[in-house]
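What follows is the residue order along each chain.
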Amino acid sequence: MKRYDAIIVGGGHNGLVTAAYLARAGRKTLVLERRPLVGGAAVTEEVFPGFKFSVYSYVVSLLRPEIIRDLDLPRHGLQILPLESTVVPLDNGDYLGSWADGDLTRRELARHSRKDAEAATLFGRLMHHMAMAVKPILAMVPPDPASLAPSDLRGMLRFAGHFRSLGAERFHALYKLMTMSSADYLDEWFEFDPLKATKSASGIIGTFLGPRSPGTAYVLLHHYMGEIDGAFRAWGFQKGGTGAISETIARAARSFGAEIRTDAAVERVLVKGGRATGVALASGEEIAAPIVVSGLDPRRTFTQLVDPGEMPGDVVEAISRFKFRGSSGKVNLALSRLPDLTCLPGAGPHLRGAISISPSLDYLERAYDDAKYGEFSRNPYMDIVIPSMIDPGMAPPGKHVMSIFVQYAPYALSGGWTDARREAFGDAVVNTLARHAPDIRSAIIGRQVLTPLDIERTTGLTEGNIFAGELALHQLFFFRPVPGWAKYRTPIKGYWQCGAGTHPGGGIMGASGRLAALEILRGSGA
Amino acid sequence: MTAPVDTIVIGAGVNGLTAAATLAKAGQRVLVLERGEAAGGQARNVEFAPGFRAGPLGLDAGWLPPPVARALGLRGMERTVPDLTVAVPAGPKEWLALSRDPSRAAEAIRRHSARDAEKWGAFAARVAKLSGFLEALYTIPPPDIDSSALADLLPLLGVARKLRGLGRADMVELLRTIPMSVQELLDDWFEGAALKAGVGAGGVRDIRQGPRSGGTAFVLLHHQVGAPAGAVGGRGFWTAGPDALITRLLEVARGSGVLIRSGAEVRQVVLRDDRSAGVVLASGEEIGSARVLSTADPARTLLGMVDPVWLDPEFRLAVSNIKFRGSSSKVLYALDALPELPGLPEPARSLLGTLSLTGTLDELERAADAAKYGAISDRLHIELQVPSLRWPELAPPGKHVMVAHLQWTPYQLRDRAWNEPGRAALGDGVTARISEVAPGFASRVRHREVLTPVDMEARYGLSEGAVTQGEMTLDQILFMRPVAGAARYATPIEGLYLGGAGSHPGSGIAGGPGWLAARQLLRDWHDRGAQG
Amino acid sequence: MLKTTPFHVRTAPLVQGQAWRRWAGYTVPSAYELVHDREYAAIRNAAALIDVSPLYKYLISGPDSTRLLDRMVTRDVTKCRVGQVMYTPWCDSQGKVIDDGTVSRLGERLYRLTSAEPNLRWLSLNGAGMDVTIEEISERVGALALQGPLSRTILQQIAATDLANLKYFRMVETTLAGIPVAISRTGYTGDLGYEIWVDAARAVALWDALLTAGLPYGITPAGIWALDLARIEAGLVMLDVDYHSSHHALIEAQKSSPLELGLEWTVSWDKGPYNGRRALAAERARGAAWRFVGLTVDWDSLESLYAGAGLPPQLPAVAWRGSTPVYRDGHQIGYASSGCWSPLLKQYLALAHLSAPHFAVGNDVRLEVTVEHQRRQAYARVAKLPFFDPERKRA
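Residue numbers (this note's numbering), protein chains in the order written: chain H, 1 to 526; chain Y, 1001 to 1532; chain B, 2001 to 2395.
Calculated from the structure, these hints are not laboratory results.
This structure is a prediction, so every number in the text was calculated from the model and none was measured.
The hints are all genuine.
Output of the computed footprint for chain Y on chain H, the stretches with three or more beta carbons under 8 Å from beta carbons of chain Y:
| hint | stretch |
| --- | --- |
| 1 | 208-220 |
| 2 | 367-375 |
| 3 | 471-482 |
Backbone N, C-alpha and C fix where the C-beta goes; we use that ideal spot for every residue, glycine too.
The shape of chain H in the complex, shown without the other chains (with noise of 0.2 Å):
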């Protein structure tokens, strides 16, 4: 039988870039993927033939710098293609842009408000600035705030040092970043409404919360943060689609000589006077390994793939606790033509860029409001990109793929999802879509409506939650997943965390997977 060093459960993005890493440091690692394809919920898939799709997460702008040139992805096949513009159309026919070019968005934006044009200016200057302050928390293995162990009390001198390094102005910048809701903290900025909305969507992605609500402004800065590494423009599709990312970190895994198997479903981690010693398949096999990592949610690392009884009560009360509340859903459409929007005419250049249905910040609350009482949002907000406008290789010539992310659809819809309930959600989605594109029903010629329970069922992901978890105030840094584990342990010796429920989280990053790695090549001693 053949030994490995550290075993990988789960091939999404994290998953890939920890073996990527223990690899490239002499581990012997394997990857064990349940999906016939690597990357969780950043895969391409040809849904309708000739039409392939970033199925979930679908634009890229957080992938860490240095992931990228640790594994020289750029190698094996990274290739990130700009996404410059937002058009957000407006309920009086008119819209809202904003382009690649500085000079066209402040006039764009002073079209509407020129006191906004201004601000817009002077808050790009602060959210870099907080960018600037967070990032070096991106990259901190969160210590443990209630130890005493002398790595916490640095880590903790070091985390308070770097808040005061800040100076006040920024810190307290900071801290309103940090306890606000978008809405609060752009009012304090800007007056035009539909840019308020627009920004404030941003806040709002991924959590079950609205943009009225406390702890949705800090999400805000997702926006800038890649902005500050200089290294590509903050939002960009990668060739192939997302799922290509994933073979990226892939090939440069086994390059490194790790080894990856798909349709290798994980049923659970062995356990051996609380050390973990390997992994038993769904098929039976048993693989042994002194280290064994999970890439998957906190709930299913914690209380599934072990069992519960291995940890510690308060651990699994405290994962009990942590928040998942999927609230957004996914609809992909296969197109025979372009949509034609009513305020802007035409194929023109914004079709290569983002169309955001945020027309104000009633109209996501109201979502909102839907949702938080058990129902999809009947007017949602809405992320729309067609990605073979930018890369033609995803549709046939002259097709087109629509990615449309829609927010807000909750998991636990009262009554539960159905496949009715996912049509009408679907159909809510077009209906949204055709009061700005009247034309586009005619366009669909393939429709996949997914739900969170479909994300859930198809990716593992608990309750559909796209960031594997909540990102809020509460479930971030060395809360995340719970206080005391957040350091990429588990109580279990040898078992492991790795995926984005861990810090920093979110999107298409990397650096959980990254972090974990670290800790564990400087940790285990494997």
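Since the structure of chain H is provided, determine the placement of chains Y and B on it from the hints.
Only chains Y and B this time, still in chain H's reference frame:
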């Protein structure tokens, strides 16, 4: 020219009188200027119908920090905490009444959920522990992030740990809890709708958010500061009488030589040579003083009383961004007889506490929904108290006063202005709602007065009618209260201090801001040689 | 597409080499002719017509208009008389410059403010709580600079008013060829010159009238390259080149105070409260940490550096913008942010930021020069600004 007084204090409410007494006891000559006709501000009970008195702050006497009481020598400030602090409808003609005693509360809870009953004691202890930490925090100035934060935090941690036996794990738990929504917090513990609604109401008091909003867990803890463990909303009332605190404060202040002028509205703070030089009254009269301590809210003080040319436009913007968002209203009822509430256990005792008419967190959330769009829900969240049961002197013999606290009734309505018909409709709606649980209530109402946020603004000079002087949300507490750069009571204008509820530790901490502001002022005064 | 100015239909056909540049979101000519020497020469010898419409323009009116401007800018606006124009920077509360421009008093309660950057938000914040109306008129008003020794003669041909009495930094509302305009005796060249403000709808007619009237006097449309040479000779500071707005600076070191920029003369020390007053007073007491100065490069030194490489001095054809180190006694004491070869003075000039105490006029320093890919240091001397200051500017 020597100024006739060392410090002018604006406002003779609890904070103004506390500040004035603190300053006078330290040897300052102090003049308090009150725009109303008598001292007391919102804390004062006034006659609203012949023979009936009530105050809009009826719901909660707040917490008088012991160091303040000690420093001022306030005696006889005992509070009575009713046995049943809160009762919530748990079904048709069914109520869940929570005792201040955790084991008896658990008995009541057990009728609805044995699981919840098991957990109640632990929950009560946890909340008491966490709010106890806030208690310690509320007796010292906010940590100063501008300077060496560590040096500031150390005494704070020391205080908390010594007084409360708090460990690092408790600190972590506090940090994890405060950004949560009160709904998440309660969902983690309980399953019973009525229990969660009864407790959760404390998480949304006097803010615009509903219970699903982040940070409302903190609001709950804030309102539990000073309450006995397990007593939901149970800070109680002054045993000595409805106006006990104001009366005592007036005695102490006058006894220390403080001069108090009522009917003296300050129009402007006078500035000379970059510092405050006194005030101008609405009458045009100018009174000189090198120091002014305002307990008016920060917007009224800094935007309303200071010529804008003296303030950095960015700072002024920060002040104008303070979220006041008054969204609570009151209805004061003069009753011929106590209401009868079928199913309410031990009515006489239950009515000594608070009746919260909202039975589920969803209803609470829905009541808040409309306010987000500048409208008023048709199912308001209503809490009732009968102050005349506590203090019979508030009503003629056999008669009663009832105060209904309403949320959410936003100050800014989107499609109309507050006016008399609107007020009447609001009052009618509340009466009808109360009648649902108290049949025949309407016929017992002899007189009714509706106080909307607009009325609160007009009557008490509170921006947007916010009794909080700025919502007690996470972004507006500690070193952010009222705004960064003025959290330590001194404003950017030398000699001008803020000491109202708009400053740390905020609303509901009786005299806390005034006391801490006065102490800061005294430190600066001594640094200047205690003269001029 | 970028914006175009109201004169674009006239200027565009004249741009021979498609040399365009961006200015505040507009497309404007860098030069009209393939070689811009003649455009520069017109500024100093005849009259150059420069489209300066991309400047931001605001009307400030109402009972508190004086109070608003006076609390915002560093100069004493209460002393600005109707018909007077004041050049002034404005600062944040730390005394760091946000922008600079001109304040024109059009009436008792009416001002026009020009600026390089948008300032509507800042004006509104400063005016909060005041009885004042702020209106942005940037796109409604076209602006032309007519600069050069013959500019007055040309204007007088078509002006309804006698311009002989229009003093330096004064303005008048009149007509040119029947077109209503405001004329201010201001400019960015350090020469005799005027700036003309016109309703955008009449802009083209004004352009035509000026070109017709100026033809016998050698009027020449000039682009930004020519203007840049002139403003360096005049020692005038340029936003985003010689300094950064404190609103846009990413770090403290990127901010500048008026004292550092050599604009102490624009700071009033005895007026009422205004943004940055305390910080500026403190800075004045301790002395500015650095100062914006002129440098003249020693010709012999330059020539010998190039001679070492077997070349005659290679002189820049257009003004450069960037960052070039300045040394003294072997240590870097600052940097030059703009420089040019002055065709008029026959000198290599630079505008530089030198730390205290090195900025005294007459000090010898060294400016880095790249000679044939090698970094060298040329002798240079701290010079009094402006480098060129003709009497006709004020006369």
